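S.K.: These protein sequence lines map, in sequence, to chains L and X.
Sequential numbering of the first sequence, starting at 7, is according to my numbering.
Sequential numbering of the second sequence, starting at 7, is according to my numbering.
A few of these clues could be false.
Note that identical chains are pooled: a pair holds if it fits in a single copy or bridges any two copies.
Below, computed lysine-lysine pairings styled on DSS-like, alpha-carbon distance capped at 30 Å [unchecked claim]:
1. K428 to K44
2. K261 to K428
3. K194 to K44
4. K410 to K44
5. K428 to K194
6. K428 to K410
If you are wondering where the hints come from, they were derived from the structure by calculation, not from laboratory data.
As the structure is a computational prediction, the values presented were derived from the model and not from experiment.
Number of protein chains: 2
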Amino acid sequence: MARQLRLGAFMRPTTIHTGAWRYPGAWPDANFNFEHLKRLAQTLERGRFDAFFMADHLAVLNMPIDALKRSHTVTSFDPLTLLPALATVTQHLGLIATGSTTYDLPYHVARKFSSLDHISGGRAGWNIVTTSNPDAAANFGHDEHMEHDERYVRAREFYDVVTGLWDSWADDAFIRDVDGGIYFDPAKLHVLDHKGKYLSVRGPLNIARPVQGWPVIVQAGASEAGRQLAAETAEVIFGAAPNLSEGQRFYADVKGRMERLGRDRDHMKILPAAFVVVGDTVEQARAKRAHLDSLVHYESAIASLSVWLGHDASGFDPDAPLPEIPLTNQSRSAQERVIALARRDNLTVRQLAQRLGGYAGLAFVGTPQTIADEMAEWLETEASDGFNIMFPYVPEGLDDFVDKVVPELQRRGLFRRAYEGKTLRENLGLPRPDNRFFA
Amino acid sequence: MARQLRLGAFMRPTTIHTGAWRYPGAWPDANFNFEHLKRLAQTLERGRFDAFFMADHLAVLNMPIDALKRSHTVTSFDPLTLLPALATVTQHLGLIATGSTTYDLPYHVARKFSSLDHISGGRAGWNIVTTSNPDAAANFGHDEHMEHDERYVRAREFYDVVTGLWDSWADDAFIRDVDGGIYFDPAKLHVLDHKGKYLSVRGPLNIARPVQGWPVIVQAGASEAGRQLAAETAEVIFGAAPNLSEGQRFYADVKGRMERLGRDRDHMKILPAAFVVVGDTVEQARAKRAHLDSLVHYESAIASLSVWLGHDASGFDPDAPLPEIPLTNQSRSAQERVIALARRDNLTVRQLAQRLGGYAGLAFVGTPQTIADEMAEWLETEASDGFNIMFPYVPEGLDDFVDKVVPELQRRGLFRRAYEGKTLRENLGLPRPDNRFFA
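Chain L on its own, in the form it takes in the complex:
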């Protein structure tokens, strides 16, 4: 059998594109309407997606108010409150929540993810983030944001504590001997008693070991410290490679780190974010994207363009091509990327600004066939193990993917027709972790 794609759905926000809530037929409140989210999750499950993935912010996004007031992501559910609700209306879909190692407490994190894993029958995943948004610091009583490398040292300790708490009980600790009156075997209880640089946590956790042993460990870190932490601990990486060659480089780097650490390279799935717009023809797909981009507010968009260019773009003619600008050393690679994009897609200043203000990362825009071709190339050339799909608008963009792209991937033998197992781990082909305290 050919290598199989793994597909996550990037669902917070339901669509990252800032014009999406205004697209014809879209649900403007999709990010904050439980009935809508239930319907989307059930559609993802019909499409045999591996997981519903919730990014998160611990603050209202830090944007100028004139841009912020146009954002559909400003109100959203807490991931660990939404996902238990979605667990009851799905049966197979993995449920990955983001949890911060900087602004949360490990006993709560361990307990909530374990609870979700039990309630969902083994479908939980923990997306470990160190929270790089300085506005979050102000919501958690910190005057200053913790320095980057220090955050990663703390993250590693936090991970050790959480996984140690999950291992508080052997899998068979709870014997519930009604006649003898013994509820659990005391020999199968471990007290962690952790005292480290950042954390002091005694344990044991007041919940049985998760169904999956541990929920699936997910990370997104792309920095040196982030890649190393991922190579040591992650089982899924939510990546951000903008093109095939960068995808290949990232993939080789992280899988190489794993092998040097003695880990099996198949025990981590690298899933870059991919923004997918489906049409009956390539032209139709491009037209959908162009219409979507046109719904991004121009004043917000031109501010984004100025940041990308390192040059004030507010005086440019919106309906002319991008003028020549002086290249600077500081932001040359971003400048070059933006200029290349404008030339390749023949964009006016307005269109370029709205593209960047909408979504500027990896995108597959075409027919089910061209999209499957591109995905197959990423898979076959070791640029990824699958994708974390970003839908352009909902419900239509998500329905299009499930009803049109998934069948094409299945016809080519690249994607499952039925779930392989019961748990997220089983579906992803990941091993169940041993308990470090009990054989």
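Dock chain X against chain L, hints included.
M.R.: Chain X alone, transformed into the frame defined by chain L:
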């Protein structure tokens, strides 16, 4: 119409009685089995209960291991993870979770309760606890437990921050003007910017104002500081009065404090815990309780009895009446209460110990008629506004209450036949709080 009883169900643990998991026909894993909990919640809703109430501990209970290994409460779900799941399988039942002001962070607490309130359509309640269990401190990096009165000062500040965060947005802030591209009205956003003795939290909260304005505020504090905090802020009190006269005293005290603060006394419902065993005859109900008590392990029970008596009871003849013991000044009221109980119910040492090791608080043990008589007396003499029911074992004890006691209360006009409103507040007859920042 006569005053109406309000009924909560004390569901964590599903039954507080330590012998319950061994009772014939009981579910030994009820406290930790989602399908069971779903069935119990749906039965409570059929019985028109106001709310499913989850107490909580932030540690494995601190008991000698020989007692702990017999406890069915050692593994349980995190309340704020279980309740969103139960929200999707019920339509009317209130969902009250415990949240600690000592060992949690206000931004998380505000956001999670708001998320639950939205997902459930306005059925959330927050049981504010200051966490008196010193073992919890060790799980949250504190070497010592915070001193009692200091915990209450922090609790009040924490409440102010959480309610202030809930008020970050006016109820009508999210206009979602698709044509104009305006998602929310910036004039309807408030930044809290709290800096106090214990907490520093900027805000705004990244979720719309709760459906109920604020989730219902619940408290249990019985100390001087706890009563005062409750009089200032609580809308439901989970009380612990062991008998009618103490219930009346507590009720008059707290409602009097409210009035002195200028609050309407009807804007708080006092619901003492009541352990209810239903039989076709009083004798049958008593026999059920005696059988249940007999399932409490004797060595654990005799240790409880020794604590109550302030006197080592391990040498007493288990099958004889309680011998005379010297009364001490330190624990005289507990001693007298235990001795009176032994005499009243004609208990042997073993039976007395197992009663105390099972459940020693307020209990209504009888027929639906005698139970309704007692409940009516509490209501009519202003000892309570209803009860937080503790079931002796599940599912049978809970089914008995819903199928036998509830219809009797309804026949007497003491309890609803249909839910009055859509939200927990509406069902409890509590006003929706104004937003302190927006008229």
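S.K.: All hints, please: hold or fail.
M.R.: Now the hints, each set against the structure:
1. Within a single copy, K428 and K44 get their C-alpha atoms as close as 20 Å, and across copies as close as 21 Å, so both meet the 30 Å cut-off.
2. In this homomeric assembly, K261 and K428 come within 30 Å of each other (Cα to Cα) only inside a single copy, at 27 Å, whereas the closest approach across copies is 53 Å.
3. For the homomeric pair K194 and K44, the shortest alpha-carbon distance between copies (29 Å) is at most 30 Å, but the shortest distance inside one copy (39 Å) is not.
4. Taking the shortest Cα distances, K410 and K44 sit within 30 Å of each other inside one copy (21 Å), while across copies they are farther apart (36 Å).
5. With identical chains, the CA atoms of K428 and K194 are at most 30 Å apart within one copy only, with a shortest distance of 26 Å there and 46 Å across copies.
6. For the homomeric pair K428 and K410, the shortest alpha-carbon distance inside one copy (25 Å) is at most 30 Å, but the shortest distance between copies (40 Å) is not.
No hint from the list above goes unmet by this structure.
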